Every structure is written in structure tokens, then in C-alpha cells.
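Peer 1: Take the sequences, apply the hints, and build the full model.
Protein chains: 4
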Amino acid sequence: MHRIPVGIFGASGYAGRELCALVNAHPQLRLEYATANAQRGETTVLGGQEVTFVATEDAPVNQAELVFSALPHGASAAWVAVARGEGLRAIDLSSDLRPGHTTEDVPYGLTEVARERLRDAPVIANPGCYPTAILLSLVPLLARGLVKAGSTIVLDAASGVTGAGNSPKAELMFAEVSENYRAYAVGNEHRHLPEMRFLVGSYGTDADLLFTPHLLPVARGILATVTVQLSQEIDNPLQLWHEHFAGERFIEISEKLPTLRDVVHRNAVRISVRKAHGLRAPTLIVLSAIDNLVKGAAGQAVQNANVCLGLPEAMGLPL
Amino acid sequence: MHRIPVGIFGASGYAGRELCALVNAHPQLRLEYATANAQRGETTVLGGQEVTFVATEDAPVNQAELVFSALPHGASAAWVAVARGEGLRAIDLSSDLRPGHTTEDVPYGLTEVARERLRDAPVIANPGCYPTAILLSLVPLLARGLVKAGSTIVLDAASGVTGAGNSPKAELMFAEVSENYRAYAVGNEHRHLPEMRFLVGSYGTDADLLFTPHLLPVARGILATVTVQLSQEIDNPLQLWHEHFAGERFIEISEKLPTLRDVVHRNAVRISVRKAHGLRAPTLIVLSAIDNLVKGAAGQAVQNANVCLGLPEAMGLPL
Amino acid sequence: MHRIPVGIFGASGYAGRELCALVNAHPQLRLEYATANAQRGETTVLGGQEVTFVATEDAPVNQAELVFSALPHGASAAWVAVARGEGLRAIDLSSDLRPGHTTEDVPYGLTEVARERLRDAPVIANPGCYPTAILLSLVPLLARGLVKAGSTIVLDAASGVTGAGNSPKAELMFAEVSENYRAYAVGNEHRHLPEMRFLVGSYGTDADLLFTPHLLPVARGILATVTVQLSQEIDNPLQLWHEHFAGERFIEISEKLPTLRDVVHRNAVRISVRKAHGLRAPTLIVLSAIDNLVKGAAGQAVQNANVCLGLPEAMGLPL
Amino acid sequence: MHRIPVGIFGASGYAGRELCALVNAHPQLRLEYATANAQRGETTVLGGQEVTFVATEDAPVNQAELVFSALPHGASAAWVAVARGEGLRAIDLSSDLRPGHTTEDVPYGLTEVARERLRDAPVIANPGCYPTAILLSLVPLLARGLVKAGSTIVLDAASGVTGAGNSPKAELMFAEVSENYRAYAVGNEHRHLPEMRFLVGSYGTDADLLFTPHLLPVARGILATVTVQLSQEIDNPLQLWHEHFAGERFIEISEKLPTLRDVVHRNAVRISVRKAHGLRAPTLIVLSAIDNLVKGAAGQAVQNANVCLGLPEAMGLPL
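As you go down the protein sequences, you meet chains A, B, C and D in turn.
Numbered per the numbering used here, the first sequence spans residues 222 to 540.
Numbered per the numbering used here, the second sequence spans residues 222 to 540.
Numbered per the numbering used here, the third sequence spans residues 222 to 540.
Numbered per the numbering used here, the fourth sequence spans residues 222 to 540.
Because the hints were derived from the structure by calculation, they are not lab data.
Since the model is a prediction, treat every value here as computed from it, not as a measurement.
It is possible that some hints are incorrect.
[Stated by the list, open to error] Once the Cα atoms are required to be at most 25 Å apart in a straight line, the calculated DSS-like pairs of lysine-lysine come out as:
hint, chain 1, residue 1, chain 2, residue 2
1, D, Lys496, C, Lys369
2, C, Lys477, D, Lys390
3, D, Lys369, C, Lys369
4, A, Lys496, A, Lys477
5, B, Lys496, B, Lys477
6, A, Lys496, B, Lys477
7, D, Lys477, C, Lys390
8, D, Lys369, C, Lys496
9, B, Lys390, C, Lys390
10, A, Lys390, D, Lys390
11, D, Lys477, D, Lys496
12, C, Lys390, C, Lys369
13, B, Lys477, A, Lys390
14, B, Lys390, A, Lys477
15, B, Lys369, A, Lys369
16, A, Lys369, B, Lys496
17, B, Lys369, B, Lys496
[Claimed, not checked] Stretch-level coverage of chain D by chain A, calculated; a stretch enters the list once three of its residues show a Cβ under 8 Å from a Cβ in chain A:
hint, stretch
18, 374-387
19, 391-400
No residue lacks a Cβ here, since even glycine has one placed at the ideal position from N, Cα and C.
Peer 2: Laid out in C-alpha cells, this is it:
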């Protein structure tokens, strides 16, 4: 059976390795090359098959039909352009082509929101991990115009350390992270804010966003705690999410509050919602959990590849 | 040298054991009895000295001059009343005597705020762990009337598992907590909310509180992330905290964001603050870290005992 | 397509839940019932399908063709007997039917060693988790008579907390286990020793075993460190394991030392070996890692079910 | 009051920082300088006081009376020689001056064993962390000639990650260490072996040593599991350790098996012992726990400084 040949740029980071594993386990994709400059020549087993990294400049780019780029921010766009010049489709996991980071009009691949724009798209900007968890928790409210005008949506979220990559850094050593917890990029300083502002704004709301990320002593997973003031009371908020995401296989709405263990190693978002008691302003707290490396990166990238290649959307994705 | 005899009710939990250790290491206090019904007869070393638990009903209550009660909520108030009937001072670590839980007018022992009311007080309600971290981060704004009228203060906080006590529960087992993270009591359902509302309200603000606690895979420590809208812009917010808490030995204000490792095993609150960029409403994010068992429980209780007994406030407390 | 109906006794523990998940994901098995007395009536999702526990006494035992029992030691044998009385095949994950615990001659299901005896077997005693890791690391030496006569084989091993079950116990709480490590059952007191003595002895060696287990602050995984004196020098010891286990899909021999992360969530044993330098007695250190819930329990049980039912041995097993 | 001025070479690693904290908290020592080439100019709070690192070549070496060197192996001996040339006493925490690494006759500072040789010693080789835990567990047997002639003592031990230093390395990142466990330096390859062989041999036994270290997912602590064959049966082995170490303040002998949590942040060794049942050769398993940074490094160094300076041995040490 013919499998579609796929390349991966920047395959040695956590997201890149997860991509290698997913592509190797995918019934219709075949890993043609995986690049990693510092690890060129190294062989490792990912998804049950051996992968040998090559330097990006040595990759046989045009032997693939689609390329995933998990290169670092700043380095990715140029290689995506090379691939597109060779006629490949490209899915960019860096922030280079996301809204707010480029003037180019590239579809923003939050799959459940943008699905129709992604079919046959030559290039897709894969969302950041935090935005994936946060935006999917907000879209049902945004689509109905239920966010209070002029309000600030408070986005507190916490991520496992793989979100920070696998380059050795002092602040990511076990002895610094274990039994510890801290916020970072406080005051709206995080790179993921522009794409969230863009998507929220695209629904016509004028609400502001305030995003405070935190570093958890876990390897994988993001939990977002989203506090949002409403334009009106909602009787049964959970029902709203159920209706909006009816039929979505990767979005799990539940009365039970989500935990990281519910979603790690799966291409799933799990969402729950509670009304805030005792406030004058009608307010919801939406909780949303994902695996930052799967639905927050490599899983959603493969989901987007499936959509743009016309394959079944769930093909090769762990549920 | 004479040491003041002290009793501890409910000494076998995490806060109770920390109290035993602090009292045993305190140069002016002497542990007269430590009660624990289920562990009666057991001997353990705490603070370098052996402690043998007795049943609460068997304790020689009146041989102490002051009693700490770390009994469970609901069971504590009655034993505090017994101790007071015998002429002892009492410091209650349960919520029974805190604002919102009783009609009795008991001083609320957030030491740095209530110090003068605590001198010679016959009974003190020791604050909850979350309120200690959260309220100390807000007081400088509240005292100057800088919180925006009608706004909601968003209180997201995360605690280590010792905050949930040491009774075996399925959801606190290592295999459930490690590599996991979740919110709980979402929607303003937490027992610590009334005391926070009371203290915030006592400053004359009408702001609402929305409190969302989370469970961290760490043993000790609380980090609070407090988002607060201001009635006016503040040029140098950190300066406000420096000024308000000038001379306070247990409050550490820093430009660097606080982490749990900065404060564990110490009777300290570490606070930092950032302005939110890109919002129309002037907004601050205040970060505050404590050890839930020290400044959030046993340490603050000893600090309060020092104040009410006329001892140096920092005596016997780890810094 | 016909699937073979399967029952699970004692399905609510860690091994039982792993069994439910594996059976639900198995292409030729169908979960007919799953029993759990304390959790009767509860529904949970395992292996992508909902499972509702029933009381063991209410289970439609004879509607299955094969039953796995993950009931506690002491309670399991009687229910296995009930199932056999109804004509079912049975695989017992408890120690009740293992060598040294019964006088009955039940095949001991260390698959790679006993495969031929397991085909069509009416009942199989599934090995303990520690013995699985330890025995597979020793068999190549035992089979060649290379263990020094009269020596003591030192078996130090460390396990994650799921090996101790999911009943809430004080010593398994997160706050006790994290940042901690300890030995237990020291001095040859562990329940898994008889089956190891039996299997080692069956190869005709008179070597003694000394087994010291330890509790690791991880959820899953066992690493065994086996020190064994040889009857003669071996030039290339790794080659011995390669040869002995040639063609075995679930046994991975590598020069690189095994880690828990190499094997968790997989039905694999990973083994490496080193010569001890500077000793007069020729001595090897064999390192062996498994997931205690997969190859050490539920995975090997399904592997054994595949063998005894005549299915492909690797069917439905995660690699 | 006069305090003895002390310098620290290599003060920015984990052991160096622990030394700074201990010296700053010591009632009779004063930190005169602390060197760290890469961190020169950085200021940090250690032991409640600010420490500003200087380059080692810029340190006012002769303004101290004693220097601790926590420089890396290979770099330390030369700076210790410089300090001795200036007339300072020196305590070297590296392996450079330990038995087996130098031909110089430097006292090996396992305090409880070598105390008399350390008084007024101009230079002391501070033991490695593993040897401290292991040797103290063996000395009572060695001193009585109870180790079986010609036997191999099996030394399995596990350490927290701070034992590997605080330079960023891929294999010490949180995402690699958490939920993981592995052996390393297997086959008697560890740098700590020569000093253990030396000390064991100094008691006249001809027993061989086989040392297998492991890496634990904890920040601090070592547990050693020592299996030793005896020349004769011992009725009450624990009594032997009690007698041998009678009066030692930092050695805790207990029936209860030691855990890391028993000893972290304390200058203590906790030891227990069990007889092995069911073996022909009389065999003991000795368990021994320390904090690798305290009794295994900085704490024992200060203990040695106290001895060599004629101060009370326990001064300034956390118990």
C-alpha cells in the first residue's frame, strides 16, 4: 500500500520525537527523513522503528510530500519556505507563521475551529500548546457572544517541563524543579499571547486577555484555569460545551474536573466548567487539560496533516 | 530557666507534628502534652525530642498555660472552650473560630495585620494556609484603597498535598498525585473563602473574590497567583509592598518571582508583583509563596503565641 | 468476528484495571464481566470502553471462556476453583497457585520459559512482578549451569508504588513517598521468594537467593540489580542473553543499561549485563527493567492467555 | 567574639552552597571568601547571609585560617596546595587527596573512624558521599574481623541527583529523571571505589567490594544496601552497631529501617541491620541512609573542621 512520504525538520526535541513516533505508527504516512543538526548521525527508536537523524541541509527535502517543522522559533519559517518552494505541504509547529508573528495569511490550525480552511491548505501554522488548551475552552462562549464586553479574561495555566524543550538548562534540572512550582513570563510577556489575542478577537469580542503561565513538577501536561465574565447568566454552562463540540472525537466534556492524568499520551482536550458562586458579575471558571506534546503539539500536527491530506482525521492518533 | 508550659490538641496531623517540633525547639516554650486519639501511646521524635501522644480526654489540660488546637474543623471549638474554661490561652488552627465560621468575636491571627489585637489575647483564630498567602499579597493595596470598585479579584492558588492532611485517602496516594495536577472546590466552594471575604471587606472595598485552589504534586508549599484590577495606575508597585511591610521579618518582597523552594521549612511569605501589559484596566498580578505547614499553619501559630505571650515575635521560628 | 469472552475477578486494583484495558483493546478477546466488590456498580473507561464492575458473587462466571483473577492473595484460589468448576480456563495473578504457595501442580507462567507447558493449560499461575524481572535476567546463566555452586545470588530490586496496590495506606501517600526511598521485607521476608527459589532450583543449581526489595518514588516500573558469581569466566556475557532469548519479541537485550522509562506501559523486559572488575570471583551484574503492571502482571497474563488459547502471542500487547 | 575566618573554593555547586550556609550559620566560623569562577560577582543568600562569589584566583586566600575546597576532581589539589603554602588548614571535598587517588599521606576524614588523626591536621581528605554511607555501615563488622574471608561485599546504593552536581546535563533534566530509575558505573567503575577499598583493607580483611550505584528521582539522599557474608553467626547484630557507635551523636542505630526522609537536611547517618533468612552462609543486610550534601559532603566537612580546630564537634551542625 502506498504511504505518503513525510519529512520532519527539527526532530530531536520533545515535539519532534513525538512526531517521529506518531508518523512511524501512522498507517498512511511514512517517515522519509528526520533532521537534527546537533544529533546528525544518531539513531534512536521512535514509534517502534529506528530513526537516524540527518542535518537539515542534507535532507532530501523533495522526496517528501509533506513536512512538519519543529525547528526553533526564528529558524523554522525559512525552512518551511524551502519546502514550499519544492512543492511540499508544510505544517509549522513553531510560532513563526502564527497570527501576530507574521504578516502572511497562514491558516491557524486549531483543528476543531479551522477545519474547513485546512483542507488542501499548502501550509498550516500549528497552534502553541497553551493556546490549544485555552482557546478550545473559550470558543463556545466566544461563538455565542457571551463574553462580557470590556472585561478581562484571566488565563492562568500550568505546564509540565517538556513544554520548555530538551536543551539542558539549569532551571529545568530535576533538583530545581522537583518539589517546586513558580510562575513565569508574568504580566502578559509570553510568546503565545498574540495568537490567543488574534483568535479571541476574530470572534468580535473586545475582551482583554491576561495570561500567567506556571511551571509544574511534571514531565507532561497543561491545565488551564480560565476565568471569564459573561454578558448574561447561563443556566447550564456545561451543555454549551457539549453542544458546541458535539461529534468532536478529541474533545471530552465532563462534569468531573479534568486532570493531567486524564489526557497524557492522548490527543485529547478534556474540559469542564463551573459557575462562580457569590459574585455580582456572572462568571464561569473553565478548566481544560491537554498533553502539551500531543494535542498541544505533535498530535494536533498529525490531526492537521490528516485533514489537509484528506485522510480520516483520527488516523494514527492515540485516544 | 522557666519555660512556659504548652499543650497541643490534635498533634498527630502534619500541622500538629510541625507544632510539636517548633515547641520542642523553642527556647521559652515547653511541650507539656500532645494529644492524638488514634495514636494514643505512640512515641515519635519531633524537634529532637520524644513526644508521646495521649488521648485528648486524658490530657492534663490545666498544666499548660497556652494550648494550640490542630483538631479537625468541627471538633476543635469545643476543646478550645474546655481549655479557656481552665484559664488557658488558646490558638485555634482549625476554621472553627475564624470569621464567617462563628459569631464569636475572636481576633483573626494574620500576625502582620492584627499584631496589636493579639497581645494578651485569650484566644486567637489562626488563619488558613491559603488565606495567609493570599491576604498578605493583597493588604498593601487594600489599605490604600487601590482595588477597583466592583471588580472581581481572581485568586488562583496551588498547594502541596500536606494541605489535605495525613489521613490515607485514595486521591492523595503517590500513584494518583505524581505527574498530575488538578483544580478542586472550583466555583468558590472552598472553606477558606469566608475568612478572606471578611478580611478583604474589613478594608472597605466592595470587590468580589473568586478563589480556585489546585493540588500540586509536591509535599509542601503554596503559590498564590492573584490578579487584581486597580482604581488607578501605580508607577512602581513593588515599592508599595516594600513600604507597607517595612521591618517585617517574615515578609520578603522581591523583584524575582517567588518559588516554593524559596520558602519551604521557613516561616516566610515571599511576594513579588508585576504590572499586566496590554490591558485597558490597570491590573496587577501578585505572586505569593509560603510553606503551608509553617507560615500557613504551625509557624504562624507560634508567631502568634510569641505575640500574645509577650515574647520576641521571631523566637523559635526558622528563617 | 467472534471474540472470546473473558472475565476478570478483582478488576478494580491497578493490575485489574490494566487487564480491563488490555482486554478491551485486544482484537480477539471481549470483556464479559469485571468484578470488584467494593466498587460494584461503578463505571469507568478502560481501554477506550466503559466497564461497570459487578460483585464477584454476581458475575455470570460461565459466560466467559477464560477468567483472569487479580483478587488478593488468599482470596483468589477459591474463585479460580469456581471458574474451573464451570469449565473456564483461568489465569491467576495472585500468589495462591504459584510454586511454594500450593501443593497443586500448576504451570508457572513465566512465558518465555514455560511456553510449551502453557499451551491449552486449564490454569496458569501468573508470576509476581519482581520474579518476572529477576528470573528472566538469570535464566541464561541457569540454563548453562554457569552459577557458582554454593554461592548466594544477591537480588536487589526497586519498585514503583503501584506494586503495593491501590488501597489507601499511610505509607503510600504522596507526602510520604515523594523525595523518599527505603528497603522493605529485608532479610528474605518477601512473598515472592518461594517462586524464585523454585524456578532457580529447577535448573539444578544449589545457589542461595537473597532478595531485598525497595520502594521507589515512581508510579510504575521495577529495576532489578542481580549480582551473581559464576562457575567460570565468560568472555562476552551479553552474547549469552542474546543467544538465549533470540527471537523473543518481549525481551530486549542491550549494551545500554536499562531504565524504567525504557519499559513503562510496554510488555517488555530490558536486560543488560556487566562484568565486575577487580574481584577474584568471576561475577556478573545483570540489570533488568519491566513495567510491574504490564510484563510484571497484566501484560504477561494476556501473553499467557494468548499462548493457552492458541492466539498469536503478541496479540493485543503494547510494544 | 572572635570567629575563625574561613574560605571556600568552588562554592557555587551544591556542596559548596551547603558549605556556605553551614559556615554562615556556625557560631565560631566566619565566611571570608567564597570562590566560583563562572559565577564571579553573583550574590546569593546562603544560611541567612549574602554571599558574593569571587574568582578563585582573586580570593584573598591568606585572610582565612582554614579553607574548604569543593572544586572539581583534578582542579582541587592544586588550590589546596596554594592554601597550604599560605599556612592555611585545608579540607578537600574532592577525591584528589583521598586514598587511591594520591600517594600523599593525607588523613581520610571519616570522622567517627579517624577522629584522633584529624585533631590539628593541616589537611584532611573529606570522604565521598557513597563511601560515608557505606563505610560507616561496615566498620563495626570490620573492626571485629567478622567479614568472611575471601567473600565479596555487595554494595548497592542509590543517590539523589544533587550527587551529580549542578551543571546542566541532559540526563539530569526533570523530564529524564522523574518517574525513572537506573544504575550507572556498573561493574566497579565508580570513582569512589578506591577509598572504600583502602578503608576496608585497612582493617585486615581480604574481602572484595562490588559497588553498584543508582540514580534516584529525588533531590537529596543516599540509601546503601550492603550485603555481607560473616565469618560466624551473630546473635543480635543490631547490638554490635549500638556498641561500636555508642556516644556518637551523628550516628543513629535503629530497629526501624532507615529512609531518606529520616536524614535529609541533617548531619546524620541512620543505620539498621537484618539477618538473611534461609541462606547457608551467615549473611547480614545493612541499610544506611545519609543526606549526600550534609553528612555525605558539607556537614561532615564542617564536622571535620570542628575537630581539627578544637571546637565542639557538633557545633553549627543540623541535627
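Peer 1: For every hint, state whether the structure bears it out.
Peer 2: Structure-based check of all given hints:
no. : hint                : verdict
1   : D:Lys496 / C:Lys369 : 22 Å, holds
2   : C:Lys477 / D:Lys390 : 18 Å, holds
3   : D:Lys369 / C:Lys369 : 17 Å, holds
4   : A:Lys496 / A:Lys477 : 14 Å, holds
5   : B:Lys496 / B:Lys477 : 14 Å, holds
6   : A:Lys496 / B:Lys477 : 34 Å, violated
7   : D:Lys477 / C:Lys390 : 18 Å, holds
8   : D:Lys369 / C:Lys496 : 22 Å, holds
9   : B:Lys390 / C:Lys390 : 8 Å, holds
10  : A:Lys390 / D:Lys390 : 8 Å, holds
11  : D:Lys477 / D:Lys496 : 14 Å, holds
12  : C:Lys390 / C:Lys369 : 41 Å, violated
13  : B:Lys477 / A:Lys390 : 18 Å, holds
14  : B:Lys390 / A:Lys477 : 18 Å, holds
15  : B:Lys369 / A:Lys369 : 17 Å, holds
16  : A:Lys369 / B:Lys496 : 22 Å, holds
17  : B:Lys369 / B:Lys496 : 15 Å, holds
18  : 374-387             : holds (count 4)
19  : 391-400             : holds (count 9)
This entry does not satisfy hints 6 and 12, going by the numbered hints stated previously.
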